[in-house]
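K.L.:
Here is how the chains run, residue by residue.
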Amino acid sequence: MNQEIFTINNLWMMVATILVFIMHLGFASLEAGLTRAKNTVNILFKNTIIPAIGLLTYAFIGFNLMYPGEVFSGGFFGLAGLGISLPEGWDTYAYNEGYTFYTDFIFQAMFAATAATIVSGAVAERIKLGPFIFFSILYVGVCYPIVGMWKWGGGFLDALDVPFYDFAGSTIVHSVGGWGALVGACLLGPRLGKYTEKGMNAIPGHNIPLAVIGVFLLWFGWFGFNGGSVLSADPGTVSLVFVTTAIAGAAGAFGALVASYLKFKSYDITMVLNGILAGLVGITAGADQMGIGEAAIIGFIGGTLVVFAVVFFDRIKVDDPVGAISVHLVGGIWGTLAVGLFGNLASFQQVISQLIGIGSVGAFCFAFSWIIFFSMKKMMGIRVDEKEELEGLDINEHSMRAYPDFASKD
Amino acid sequence: MNQEIFTINNLWMMVATILVFIMHLGFASLEAGLTRAKNTVNILFKNTIIPAIGLLTYAFIGFNLMYPGEVFSGGFFGLAGLGISLPEGWDTYAYNEGYTFYTDFIFQAMFAATAATIVSGAVAERIKLGPFIFFSILYVGVCYPIVGMWKWGGGFLDALDVPFYDFAGSTIVHSVGGWGALVGACLLGPRLGKYTEKGMNAIPGHNIPLAVIGVFLLWFGWFGFNGGSVLSADPGTVSLVFVTTAIAGAAGAFGALVASYLKFKSYDITMVLNGILAGLVGITAGADQMGIGEAAIIGFIGGTLVVFAVVFFDRIKVDDPVGAISVHLVGGIWGTLAVGLFGNLASFQQVISQLIGIGSVGAFCFAFSWIIFFSMKKMMGIRVDEKEELEGLDINEHSMRAYPDFASKD
Amino acid sequence: MNQEIFTINNLWMMVATILVFIMHLGFASLEAGLTRAKNTVNILFKNTIIPAIGLLTYAFIGFNLMYPGEVFSGGFFGLAGLGISLPEGWDTYAYNEGYTFYTDFIFQAMFAATAATIVSGAVAERIKLGPFIFFSILYVGVCYPIVGMWKWGGGFLDALDVPFYDFAGSTIVHSVGGWGALVGACLLGPRLGKYTEKGMNAIPGHNIPLAVIGVFLLWFGWFGFNGGSVLSADPGTVSLVFVTTAIAGAAGAFGALVASYLKFKSYDITMVLNGILAGLVGITAGADQMGIGEAAIIGFIGGTLVVFAVVFFDRIKVDDPVGAISVHLVGGIWGTLAVGLFGNLASFQQVISQLIGIGSVGAFCFAFSWIIFFSMKKMMGIRVDEKEELEGLDINEHSMRAYPDFASKD
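Protein chains in written order, with the UniProt record's numbering: chain V, 1 to 410; chain F, 1 to 410; chain Z, 1 to 410.
The hints are simulated quantities; they were obtained by calculation from the structure and are not laboratory data.
Warning: the hint list may mix true and false statements.
Since copy identity is lost for identical chains, a pair holds within one copy or between any two.
What the hints assert, rightly or not - Result set (DSSO-like, lysine-lysine): computed pairs, CA atoms no more than 27 Å apart in a straight line: (1) Lys263 - Lys409; (2) Lys198 - Lys263; (3) Lys263 - Lys378; (4) Lys409 - Lys377; (5) Lys409 - Lys387; (6) Lys317 - Lys387; (7) Lys194 - Lys317; (8) Lys377 - Lys317; (9) Lys265 - Lys198; (10) Lys198 - Lys387; (11) Lys198 - Lys378; (12) Lys263 - Lys317; (13) Lys377 - Lys194; (14) Lys378 - Lys317; (15) Lys378 - Lys409; (16) Lys265 - Lys378; (17) Lys387 - Lys263; (18) Lys377 - Lys265.
Next comes chain V alone, as it looks inside the complex (with noise of 0.2 Å):
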C-alpha cells in the first residue's frame, strides 16, 4: 500500500457516496412519479426526510451497530457504542487500505437511509405521516445495521462454512427494505378503490417524466452503489461491476419489455422501468462475480420476474403502488439465489448458504417490520381516514398542494 492508491481509492469511495446519495432523489422522483398528484407532496416530503434521518441515526447508531469491530460483537449482534469517535490513523491506510474512517462512515450512511425509502413506495398513498416516520427511525437506525452486521460487520452469515454471499446488498439492501414493503402494505390494506368486486383497478401514476428521472438517476447511482461496494478504485474489479451493473439493468428492461408485451400486448413503460430496477437489484448480489452474459441472464430475468410479481400481488390484494416489493424483495431473492446459481461461486453449498440468508434475514425484517406495525396499528392507527385518503395527503396532513396552478382532470 502506499499513499497515490490510498488517496485514488479513497476518491473513488468518496465519489461512489453521492452517486448512493443521488440515489434518494431517484426514490423520491419514482415513487412521486407513480402515485397520485393530490399525495406528491406527502411523497416527496418523505423522501426528503429519510436520508436526513438516515444520515443522523447513522451517525448516532447505525455504524456502531452495523460494525462493531472489537468493542462488543457476537455472530448476531454488536455496538461498539453511540455517536462517531475517530480511531487513531483514521485518515491513514492503517485505519482502510480503501478509505479513512469519514469516508467509511459516510458511504455506509448513504445506503442506511434506502431500506425506509424502499418501504415508502409500498405505503404511499394511505399511511399516516407521523407513524411512517417513527418506523424509519427505527427501520434505518436499528434493524438494518443489525441485519448488516450479519454479514458485513462478520457476523455468523459471514461465517458460514461456505459464507453467505452478498455483494452490495440484494439482501441486506433492498430485501430489507421489500420485507417493510410487504408487511406495511399488508397491513394497511389496500388503496380505497383499488380492488372492488369487478376486479382490480389500475390506478395511474401522475407523472411518468418525473418516474423515468428517477429510474435512470437510481441507474446512474447505482454505479457507484456497486461500483463502491469494491471498497477500492481497483481497475479490474470497479470495471467489471460497472459491465454487470450497465448490462443487467439494460437486459431487465428487455426482459420486462418482452414479458409485458406478451401478457398486456402493450408497450408499458412502468414495467420496463421496474424491469431495469429489478435487473440492478438482481446483479447487486454478485456483481463482482459474474461475466458480461450471465449479468445479462440474471438481469433478463429479473425483468420478467418483476411483471409476473406485479400481477401476483395484484392477485391477492396486496397494494404496493410503486411495485417496490415486487422490485427490491423478489429482485432481491432472485439476485441473492443467482450468486449460487450462475458464475465464480455457483455451487450447490452456496446456493444453501444464500437461502440461509435471505431466510434469517427475511425473518427477522418481517418479524420487526410487523412489531412495530402493528403495535402503532393498535395503538394510534396507521392509516389516514377515508375522507383523507380521498381528498388527498397533501391537502390534509401537509396544507399544501403538489401543482396548485393546474386544473385537476376530474
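Dock chains F and Z against chain V, hints included.
P.N.:
Positioned in the frame of chain V, the structure of chains F and Z alone reads:
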C-alpha cells in the same frame, strides 16, 4: 507507466462513463419536454429502451465492429468476432495505459446509443414504435460502429495523409445521429397541422422545465463525453477540454440568444437551449485543440447557426420537433470543419480531410438510414395513422397517459 | 509532490467542478418550482443564461480580478489583466499542487455564477429581464470577484491578525448573493397581491417535485462546492468535509421540520427544503473545521433560523418568493459566525474577524447592488408593468408558456 497512474486514468474513464450514461436521461428529458403531452410516454419509452439496446448490441457485435483490432480489418470494415471475450492482461496497463478492457467496452458502449437517441427527437410524435426500435437496433448495432471504425478503429479516415480529426465525435457520433434524423424526418413527413396553406404553425413543447433539465444534464454529461475522450486523466489535456467544453456551451447560449432576439424580437428559451447544445456539438471535434478564445468563437457560431438552421428546415418543410437535425447535423458539420479553421490543426489540408470525413460519413449514414426507413415504409409503414396521431401515441401505442391527473388545455 | 498525487488532486478538482456546475440546474429547478407556472419560462431563462454569463465574464475579467497575483494587487482591489493567458508550467504541479491552471480557472468560474443565481430567486415574478441580465453581468463579473479577492485572492480579510475564515464561501459566495437579493427585493417591492390590508397571502410554488429535484441537486453539488474547496484530494480533509456537509444538511432538515411544525402545526415541505439549504450554507464557512457534532448543531440552528427569517421578511414586507434571502444571507451570516463559535478556530478574536468580514462584504455588496438597481430603476425601470405581472412574464417577455398543453386552475 505505473499502477498508480493506470488506476487514476481508469478511475476517470469510469466516471466519464457514467457521465455519458446520464446524457441519455438528458436526451429523454429534452425530447419529452419539447414535444406534446399526448406523446410523452412514447418518447420516454424510446429513450429508455435505446440505451438498453445500445448496451446489449454493443456487447454482442458493436464493439467488435468498431475496434476489430488485428482479427480482420480493412479500411472500411472489420470484425473481431461476436460477444465479449477478455484478452490476456485485460485489467492491467498492458491492455491500455488509460483503462481496462471492461472500462474500454463500457465507455464506448455508452456512446453508442447516442446516435439513435438523436434520431428519436426528429421523428417524434408520428413514427410507429416497432419500426423505430428495429431501426435503432441496426443503426446503433451496425451503422454507428462501422463509421466509428473508420476513424477510431484505425480505418481509412484515420489513414489519410492528413488524418481526419474528430476528437470526441462531432461527426462520428453527432452527425451520424443527425443524418438518421434527417432521413427519418423526410420519409415520415411533417406532423399533421405543422405546415398549412397559411404557413407554419409552431407546435410548442409541453414542459419547458423538463427541457431545461435535459439540456443541463447533457451539458453535465458532456464533460465526460469530451473529457473521457482524452482516454486518460492527463491533467493538462482533460482540464483544457473541460474549459473548452464549458466555454463553447456558454458561447452557444449567447450566439442563439443574440441571433434569435434579432430575428424574432423575443427571448426564446428553446433557441438558447439548442444553442448550448450546438455549441457543445461544435466544440466536440476539436475540444483538445482549441484555446479559450477559439472555443468561444466556435460555440458562438454554433449557437447562431442553430437558429438559422431551425428556420431553414421549417422553410423546406422538414419537421423536426426538437431541432435535432439543426443541433447535431448542422452543429456536427460546423464543429468538424472548425478543426481545420481554428486551433492547433488549422490548415487547408486539414479542411480537405475534414470534408472527406463529413462527406463519406454522411453518404454512408444517409444511404444506410434511407434503405432501412424506406424498406420499412414500403413493407409495413412507419407512420401511425391519422386518428392515432391526433389522439396521441401514448393512448394508442401504450394504453396510458403521461399525466392522467391533469386536465388538458383543449 | 509527485505526478501521481498531482493527477489525483487535479482529477478530484475537475469532478468537483462539474458538481458545482450541476448546482445551476439545482437553482433553476428550485426557483422554478417555488414560483408560479405563468413565470416559469422567465425563471428558467435567467437561470440558464446566468451560468453562461458567469463562465464568459469570468474568463474575460473575473478570474483576473479575483486572483490578481503579483501583477497589481492592493488589499481591496487588484487586476491581473484581461482574458486568459496561460502561465509557464500551467499543467504541472509547479503551477499548483492541487490542479492545473485550467482546472483552477474552471472550478472558480463555476462558483462565480452562483451569486447572481441566488439573486434571481428573490426578484422573481416581477423583474424585467434586460435589467436583471445587466445586473448579473456586473455582479458576477465585477462585484463577486472583488469581494472574493479580499479573502481568497490574499486581500485585506486574509491579512487580518486573526484572518477572517470562510472555507468555501458562506460569506464570499452565499451572502454576496444574499445581499444582492435583499436589495433587489426591496427596490422592486412585493408581488401584486402578496401583502394586502387583510394580511399576507401565501403564493404557493407551482411544482413541488421540481423544487425537490432542485434541492437534491444542490445538496449533491455541494459535495463538490465544499469538497472541492479543499483544493486537493487529501483523503482526511475531503472526507471530513463530506461528512460535515452531509450531516449539516440533514440536521438543517430537522431544524426546519421542528421549528415549522411548532410554529405552523403542519409538515411544511418548502421549509424542510430551505432548511436543508440553510444547513448547507451554514456549514460552508467551516466545513473543514468542525466535527460531526458541531456540524449537526450548526445545521440544525441554520434550519431553525430559516423558518424565523422567512416569517420575519414577510412581516417587514420584503417579498422573496423562494426564501433566498433567508437561506443565503441569514444562513451565510450564521455559518460565518459559527466558525468563531464552534470547532478548531473558535475564539473571541475569530468572532471579531468574522464580524469584520461579514460587515465589510455586506457593506460593499449592499452599496454595489443598490447603486446598480437604483440607477436602472430611475433610468429605465426594473419592474414589469401591472398587466404583464398579472398575465405572467412568460407570455409577455418570451411569447410562450411553460406548460401549453395543460389547463390552468383559474
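K.L.:
All hints are to be evaluated individually against the structure, with a verdict given for each.
P.N.:
Against the structure, the hints:
1. Lys263 - Lys409: Neither: 29 Å inside a copy, 34 Å across copies.
2. Lys198 - Lys263: within (20 Å within a copy, 46 Å between copies)
3. Lys263 - Lys378: Neither: 40 Å inside a copy, 30 Å across copies.
4. Lys409 - Lys377: Neither. Shortest intra-copy (33 Å) and inter-copy (38 Å) distances fail the 27 Å Cα cut-off.
5. Lys409 - Lys387: So Lys409 and Lys387 pass the 27 Å test inside a copy (19 Å) and across (23 Å) alike.
6. Lys317 - Lys387: This pair counts as within: shortest intra-copy Cα distance 22 Å, inter-copy 37 Å.
7. Lys194 - Lys317: For Lys194 and Lys317, only the intra-copy Cα distance (9 Å) is at most 27 Å; the inter-copy one is 47 Å.
8. Lys377 - Lys317: So Lys377 and Lys317 pass the 27 Å test inside one copy only (19 Å; across, 45 Å).
9. Lys265 - Lys198: within (22 Å within a copy, 41 Å between copies)
10. Lys198 - Lys387: within (23 Å within a copy, 31 Å between copies)
11. Lys198 - Lys378: Close neither inside one copy (31 Å) nor across copies (44 Å); limit 27 Å.
12. Lys263 - Lys317: The answer is within: 19 Å in one copy meets 27 Å, while 41 Å across copies does not.
13. Lys377 - Lys194: within (21 Å within a copy, 42 Å between copies)
14. Lys378 - Lys317: Intra 22 Å, inter 47 Å, cutoff 27 Å: intra-copy only.
15. Lys378 - Lys409: neither (37 Å within a copy, 41 Å between copies)
16. Lys265 - Lys378: between (44 Å within a copy, 25 Å between copies)
17. Lys387 - Lys263: Close across copies (26 Å), not inside one copy (36 Å); limit 27 Å.
18. Lys377 - Lys265: between (41 Å within a copy, 23 Å between copies)
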